[in-house]
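Going down the list, the sequences are from chains R and B. Heads up: the first sequence runs through residues 1 to 166, numbered per this note's numbering. Heads up: the second sequence runs through residues 1 to 100, numbered per this note's numbering.
Keep in mind that a hint or two might mislead.
Claimed, not checked - Label pairs and their in silico Cβ distance ranges: (1) D93(B) - R162(R): 24 to 30 Å; (2) R82(R) - Q54(B): 46 to 52 Å; (3) M1(B) - G96(R): 30 to 36 Å; (4) A54(R) - L97(B): 39 to 45 Å; (5) H25(R) - T86(B): 22 to 28 Å; (6) E88(B) - E3(R): 20 to 26 Å.
Unchecked claim - Here chain R is said to cover these stretches of chain B; the calculated rule only asks that three of the stretch's residues, wherever they fall, bring their Cβ under 8 Å from a Cβ of chain R: (7) 1-8; (8) 20-31; (9) 37-45; (10) 50-63; (11) 69-78; (12) 82-89.
By construction, these hints were calculated from the structure, which means they are not laboratory data. Since we're looking at a predicted model, the values are computed, not measured. Using N, Cα and C, we set each Cβ at its ideal position, and we do this for glycine too.
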Amino acid sequence: MHELLFFIFAALCVGAAVNLLVQRHPINSALSLVVVMLALAMIYLLLGAEFVAAVQVIVYAGAIMVLFVFVIMLLNAGEEERTAGSRVASLFGIPGVFVLGGVIAWIFLGKTAPQEDVGLGSFLPATRDIAKALFTDFLLPFEITTVLILIAIMGAVVIARREEHR
Amino acid sequence: MIPLSYYLVLSGILFVLGVMGFLIKRNIIVIFMSIELMLNAVNLSFLAFAWRWQAVAGQLFVFFVMIVAAAEAAVGLAIIIAIFRTRETLNVDRVNLLKL
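Could you build all of it, start to finish, from the sequences and the hints given here?
This is how it looks when you write it as C-alpha cells:
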C-alpha cells in the first residue's frame, strides 16, 4: 500500500511538473503547479509530516497559488511568445541540467546514501512537539520571519501601487 | 517499503525540472513558478532528512522556507505588475533595462 501510494503520487508530481514546462499558457502552468503541490502534500503525509502537509495545502496550494492566478488574470497573460532565448542557456544550460540530475541520482542511489526503508508512521511528531520547538528553540528565527513578512507586505504595497502624483 | 533515497531522488527530479523551466520558459510568471517548484523540491528533501534523523527541526525548516516563499511571492508578483505596467509585456527577452 505504501509503495503504491508513493509511486502514484510521485508519478503525479513528475507528470504535472513536466506539464508545467510543456504548457504554453500561464494559467495551465499554474494549475499543474497546484497538482504538484497537492501530490507533494500526500508524499509529506507518507513521511509522517502531517502538519506540514496541511500547511502545504493551505499556504502553498491555497494562498500562494491564488496570488499567482490573480496576477495572471489581472495582467490578462496570454500564450507565451516563442522567441529565441539566450544561446548560452540552451547550449550549456540544458545539458548541464541533465548532468546535475544524473549526479543527484547517482549520489542518492549510490552505496554511501542512506539505505533505510521509510516505514509508515515510524516518525510521527505531534503538532504539540512542533509548536514546542517553534516557540522555544526557534523563537528568534520565528520573530525574524514575522518582521520579514511585515517588510514584504509593505514592499509589495509600495511597489505595486500606481504612482499618481507625478 | 520505500527506501529513503527514492524520496531524495524524487526531490532531485523536481529540482532539475524547476531549473529547466527557469532556463527554457520565456514568460516571467512561469519562471517565477519554476522557482516555487525548486523550493518545493528542497522542502521534500528537508522532510526526508527530518525522517532520517527523527528530528522535528527539519519540519520547522520547511515552515521557514514556506514563510520566505510567501514573502518572495508577494514582492515578486508586485514587481511583475510594476514591470507589466511600464513595458506592457511579460516576455523576459523584452525586459532588458533595470529602470522601471
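Right, here's what the structure says about each hint:
{"no.": "1", "hint": "D93(B) - R162(R): 24 to 30 Å", "result": "holds (26 Å)"}
{"no.": "2", "hint": "R82(R) - Q54(B): 46 to 52 Å", "result": "holds (49 Å)"}
{"no.": "3", "hint": "M1(B) - G96(R): 30 to 36 Å", "result": "holds (34 Å)"}
{"no.": "4", "hint": "A54(R) - L97(B): 39 to 45 Å", "result": "holds (43 Å)"}
{"no.": "5", "hint": "H25(R) - T86(B): 22 to 28 Å", "result": "holds (24 Å)"}
{"no.": "6", "hint": "E88(B) - E3(R): 20 to 26 Å", "result": "violated (51 Å)"}
{"no.": "7", "hint": "1-8", "result": "holds (count 8)"}
{"no.": "8", "hint": "20-31", "result": "holds (count 9)"}
{"no.": "9", "hint": "37-45", "result": "holds (count 4)"}
{"no.": "10", "hint": "50-63", "result": "holds (count 10)"}
{"no.": "11", "hint": "69-78", "result": "holds (count 9)"}
{"no.": "12", "hint": "82-89", "result": "holds (count 3)"}
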